[in-house]
Amino acid sequence: MATLIADNLTYSYSKNSKPALNKVSVEITPGTLTALVGPNGAGKSTLLKLLQGINNPDIGNITIDGQSLARNRSQVALMPQRSSMNWKFPITVEKLISLGQIKYSKSKSANPFQIKALLANPKSWVNKCCELEATMQRVGISNLANRRLDSLSGGQQQRALLAKTLMSPARILLLDEPCAALDPPAKDDFLKTVRQLADAGLSLFISSHDWGSTLNNYDQVVVLDKTVLASGTPSSIQGKLDDLNISSLKENNYCD
Amino acid sequence: MSFINSWWLIPLIITIFSGILCPAMGTVLITHRRLLQVNLISHCVLPGLALALALGIHPSIGGVISGLLGSIIAESLTNKKSENYEAVMNTMLAGMLGFGVLLIPLLGIRIDLEAVLFGDLLTANLSDLLRTIIAFLTFILLITFGYEKVVYVGLDPEGASASGINVSLLNLALSFTTALVIVSSMSAVGVILVIALLSTPTLLGLDKAQSLRIAMMRSSFFGLCISLLGFILSIVFNLSPGPAISVICVASLIIPKIGNKF
Chain A
1 MATLIADNLT YSYSKNSKPA LNKVSVEITP GTLTALVGPN GAGKSTLLKL LQGINNPDIG
61 NITIDGQSLA RNRSQVALMP QRSSMNWKFP ITVEKLISLG QIKYSKSKSA NPFQIKALLA
121 NPKSWVNKCC ELEATMQRVG ISNLANRRLD SLSGGQQQRA LLAKTLMSPA RILLLDEPCA
181 ALDPPAKDDF LKTVRQLADA GLSLFISSHD WGSTLNNYDQ VVVLDKTVLA SGTPSSIQGK
241 LDDLNISSLK ENNYCD
Chain B
1001 MSFINSWWLI PLIITIFSGI LCPAMGTVLI THRRLLQVNL ISHCVLPGLA LALALGIHPS
1061 IGGVISGLLG SIIAESLTNK KSENYEAVMN TMLAGMLGFG VLLIPLLGIR IDLEAVLFGD
1121 LLTANLSDLL RTIIAFLTFI LLITFGYEKV VYVGLDPEGA SASGINVSLL NLALSFTTAL
1181 VIVSSMSAVG VILVIALLST PTLLGLDKAQ SLRIAMMRSS FFGLCISLLG FILSIVFNLS
1241 PGPAISVICV ASLIIPKIGN KF
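Taken in sequence, the protein lines are chains A and B.
For the first sequence, my numbering assigns the number 1 to the initial residue and increments by one for each residue that follows.
For the second sequence, my numbering assigns the number 1001 to the initial residue and increments by one for each residue that follows.
What the hints contain is simulated information worked out from the structure, not anything from laboratory work.
Careful: at least some of the hints might be erroneous.
Short derived list, chain A residues pointing at chain B, Cβ under 10 Å [unchecked claim]: (1) Lys49; (2) Leu78; (3) Pro80; (4) Lys88; (5) Ile91; (6) Thr92; (7) Lys95; (8) Leu96; (9) Gly100; (10) Asn146; (11) Arg148; (12) Leu149.
Straight-line C-alpha distance at most 20 Å; calculated DMTMM-like pairs for lysine to aspartate or glutamate [to be verified]: (13) Lys49/A / Asp225/A; (14) Lys88/A / Glu1158/B; (15) Lys49/A / Glu1158/B; (16) Lys95/A / Asp1207/B; (17) Lys18/A / Asp225/A; (18) Lys95/A / Asp150/A; (19) Lys240/A / Asp225/A; (20) Lys88/A / Asp1207/B; (21) Lys1208/B / Asp150/A; (22) Lys192/A / Asp219/A; (23) Lys1261/B / Asp1207/B; (24) Lys240/A / Asp219/A; (25) Lys15/A / Asp58/A; (26) Lys226/A / Asp58/A; (27) Lys49/A / Glu27/A; (28) Lys23/A / Asp225/A; (29) Lys226/A / Asp7/A; (30) Lys95/A / Glu1158/B.
Distance windows between CB atoms, simulated [as the list claims (entries may be wrong)]: (31) Asp7/A / Asn1166/B: 30 to 40 Å; (32) Leu1035/B / Ser17/A: 31 to 41 Å; (33) Arg1213/B / Ser151/A: 11 to 21 Å; (34) Ile1254/B / Asp199/A: 53 to 63 Å; (35) Ala1054/B / Ser153/A: 49 to 59 Å; (36) Arg147/A / Phe1145/B: 22 to 32 Å; (37) Ile1057/B / Asp7/A: 58 to 68 Å; (38) Ala200/A / Asn1084/B: 39 to 49 Å; (39) Ser151/A / Asn1260/B: 15 to 25 Å; (40) Ser1076/B / Asn56/A: 17 to 27 Å.
Bear in mind that the values here come from a model prediction, so they are computed numbers and not experimental data.
Note that the Cβ used here is the ideal one computed from N, Cα and C, for glycine as well.
One chain only, chain B, in its complex shape:
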């Protein structure tokens, strides 16, 4: 049973799940032009984490709720033509992160801020794994029962609305799943560096894909490779996995470009 008790087993399983899940979710969000919202949600989870800890609730629940709330508030503050969309989103994300940092001493709680923001994969436990699996299953449910709506709304939001699809409800479901995915990735790459895992493999997977499903599968494959490589390098060279995965993400974009020039 020494295999089961190996310290690296849970971190490895989380790496695999996050490596598949984040890029698949990122593919949906990038094709829906909602990547800025991911950034917002990732910065909005901190106040929820702090409040949940102070109230004795599981921090993940607080994180998901505050991420979702931040997203809804920001959406409601943008005007109908979304002319101020980016400005509102960026103001909101900075404000919510600042609010979270302020809450920690005010509530007198202890949070390893570095681990939340940048991940601490190698110390992940069963609770972290469970959180990742819940997020994974939620995403699978969304795609199984809502794939067609996700495609139509991403392609033609007005047309989808005109044919009777509740676009607002779908966007809310996407925001909820995004918040879950971000909170679940806390241990792997942290809520800030998760952006890299959500976007980089997607850029590689989207290229010439003939359907959203194919793009998601390709992105997940690239994400899995990047995550596993980051995990192995972290163990071999005693690095922090979150930043290592983020740097590999950047390298995976740059190296092919350099290779093409030679």
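So that you can see chain A by itself, here it is in the shape it has in the complex:
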């Protein structure tokens, strides 16, 4: 179990630019499904990258169970946006997922060896708690192990990415717009899967454009537009919607 606390984060991409995030504070508690909603350019992906430790905040700090993120980076895993992946790359689903076991390391020699072993035999690094077949079964793609990535549907690609993320030892999963461009049945299936993961004790922080009834699938909702506009349970957030100046978010309601 791990609780992540981000306190008062401010971040700019360059010295002279306006902050992409301004005094953002969030808490991700074990076993919860939290939605991070906001319009395009609200800073959702930026926040996820800070929470994973890819970028460092200008001001503020991030802790996991009271310890700095830098010392606990393996506790957090980021599932990137589907568009950031090269789906035409010649590799099987099984090998893609196995790459999720690679741990962050600044060591020049550790990672290539690990990747080499994984590509030669995807099961070479799996341990008892993160078994490859079990993970694929968990997200419902066990029948796709030997398929090429470009033969998968959008929903199957998202599931393969989720399985890759689950192969890490992380207890806190950051999912960057996993429902983008999914049709409603595929989105419902995906949300059921992540609910099961939350019920199993994982903490999931999911960025989304969704607004409306879809938010009822989550335990907590954080509304972001450079700064946190509101946070709380779905019902309490939807009650505040009219008071919030986030019209662009309502217009982006294409997932619902």
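Guided by the hints, dock chain B onto chain A, whose structure is given.
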């Protein structure tokens, strides 16, 4: 020893090496979505060749350096989101080719421009062969020691970077090897027509391949067949090998499509 002294032996060996090497390199570049960079590098080698000749350095060294420099400058001119990537690449390649053409009379040197651009395989010598073998060995080294990084960066550059892989360094190594491969192919197909040998066999080899390694092996096989066919046709019909290989590349894409319709 008449076999050893045969005029066609060195061109044939170069054909075999280039036919295997170019498609394998092309497979890596296409899967990394860097084919436009190949086009850029191939157009950027000419100024280096001209300068190297004027300075009395081996032209291949100048070609590789200027190809690599052109690639680095173009990368640095694109914005972070790569929105202007294609425009910058195309401007750069046209400019560098023009610069090379201008340098030739300005420096008062003699270059067989047609041979550089379109190849002159049948007059290739031992020096050309050596250049091809060096490029071949460099590529083998890259794949032997960097295959896993090449796969991870091609598949998920952000994820690879997040797990500690130096993506910029790998891209630089790829650019260097690409420049070497292009310069080494000068005698076989020329620096312009090399694009066909880098891309066409790859399109055939990538189809349904389950891994990058399998795709590279298949592409090399197709590339070898195309190159050998071009070589034989050139000798039999007294054609220029570079253009002949390029035309066969196009035909190998079109003929299967026509065949499928009947």
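Hints, one by one, checked against the model:
{"no.": "1", "hint": "Lys49", "result": "holds, 9 Å"}
{"no.": "2", "hint": "Leu78", "result": "holds, 7 Å"}
{"no.": "3", "hint": "Pro80", "result": "holds, 6 Å"}
{"no.": "4", "hint": "Lys88", "result": "holds, 7 Å"}
{"no.": "5", "hint": "Ile91", "result": "holds, 6 Å"}
{"no.": "6", "hint": "Thr92", "result": "holds, 6 Å"}
{"no.": "7", "hint": "Lys95", "result": "holds, 7 Å"}
{"no.": "8", "hint": "Leu96", "result": "holds, 7 Å"}
{"no.": "9", "hint": "Gly100", "result": "holds, 9 Å"}
{"no.": "10", "hint": "Asn146", "result": "holds, 7 Å"}
{"no.": "11", "hint": "Arg148", "result": "holds, 7 Å"}
{"no.": "12", "hint": "Leu149", "result": "holds, 8 Å"}
{"no.": "13", "hint": "Lys49/A / Asp225/A", "result": "holds, 16 Å"}
{"no.": "14", "hint": "Lys88/A / Glu1158/B", "result": "holds, 16 Å"}
{"no.": "15", "hint": "Lys49/A / Glu1158/B", "result": "holds, 11 Å"}
{"no.": "16", "hint": "Lys95/A / Asp1207/B", "result": "holds, 18 Å"}
{"no.": "17", "hint": "Lys18/A / Asp225/A", "result": "holds, 13 Å"}
{"no.": "18", "hint": "Lys95/A / Asp150/A", "result": "holds, 14 Å"}
{"no.": "19", "hint": "Lys240/A / Asp225/A", "result": "holds, 15 Å"}
{"no.": "20", "hint": "Lys88/A / Asp1207/B", "result": "holds, 10 Å"}
{"no.": "21", "hint": "Lys1208/B / Asp150/A", "result": "holds, 9 Å"}
{"no.": "22", "hint": "Lys192/A / Asp219/A", "result": "holds, 13 Å"}
{"no.": "23", "hint": "Lys1261/B / Asp1207/B", "result": "holds, 19 Å"}
{"no.": "24", "hint": "Lys240/A / Asp219/A", "result": "holds, 16 Å"}
{"no.": "25", "hint": "Lys15/A / Asp58/A", "result": "holds, 10 Å"}
{"no.": "26", "hint": "Lys226/A / Asp58/A", "result": "holds, 14 Å"}
{"no.": "27", "hint": "Lys49/A / Glu27/A", "result": "holds, 15 Å"}
{"no.": "28", "hint": "Lys23/A / Asp225/A", "result": "holds, 11 Å"}
{"no.": "29", "hint": "Lys226/A / Asp7/A", "result": "holds, 14 Å"}
{"no.": "30", "hint": "Lys95/A / Glu1158/B", "result": "holds, 17 Å"}
{"no.": "31", "hint": "Asp7/A / Asn1166/B: 30 to 40 Å", "result": "holds, 31 Å"}
{"no.": "32", "hint": "Leu1035/B / Ser17/A: 31 to 41 Å", "result": "holds, 33 Å"}
{"no.": "33", "hint": "Arg1213/B / Ser151/A: 11 to 21 Å", "result": "holds, 19 Å"}
{"no.": "34", "hint": "Ile1254/B / Asp199/A: 53 to 63 Å", "result": "holds, 56 Å"}
{"no.": "35", "hint": "Ala1054/B / Ser153/A: 49 to 59 Å", "result": "holds, 58 Å"}
{"no.": "36", "hint": "Arg147/A / Phe1145/B: 22 to 32 Å", "result": "holds, 30 Å"}
{"no.": "37", "hint": "Ile1057/B / Asp7/A: 58 to 68 Å", "result": "holds, 59 Å"}
{"no.": "38", "hint": "Ala200/A / Asn1084/B: 39 to 49 Å", "result": "holds, 46 Å"}
{"no.": "39", "hint": "Ser151/A / Asn1260/B: 15 to 25 Å", "result": "holds, 20 Å"}
{"no.": "40", "hint": "Ser1076/B / Asn56/A: 17 to 27 Å", "result": "holds, 24 Å"}
Taken one by one, the earlier hints all hold for this structure without exception.
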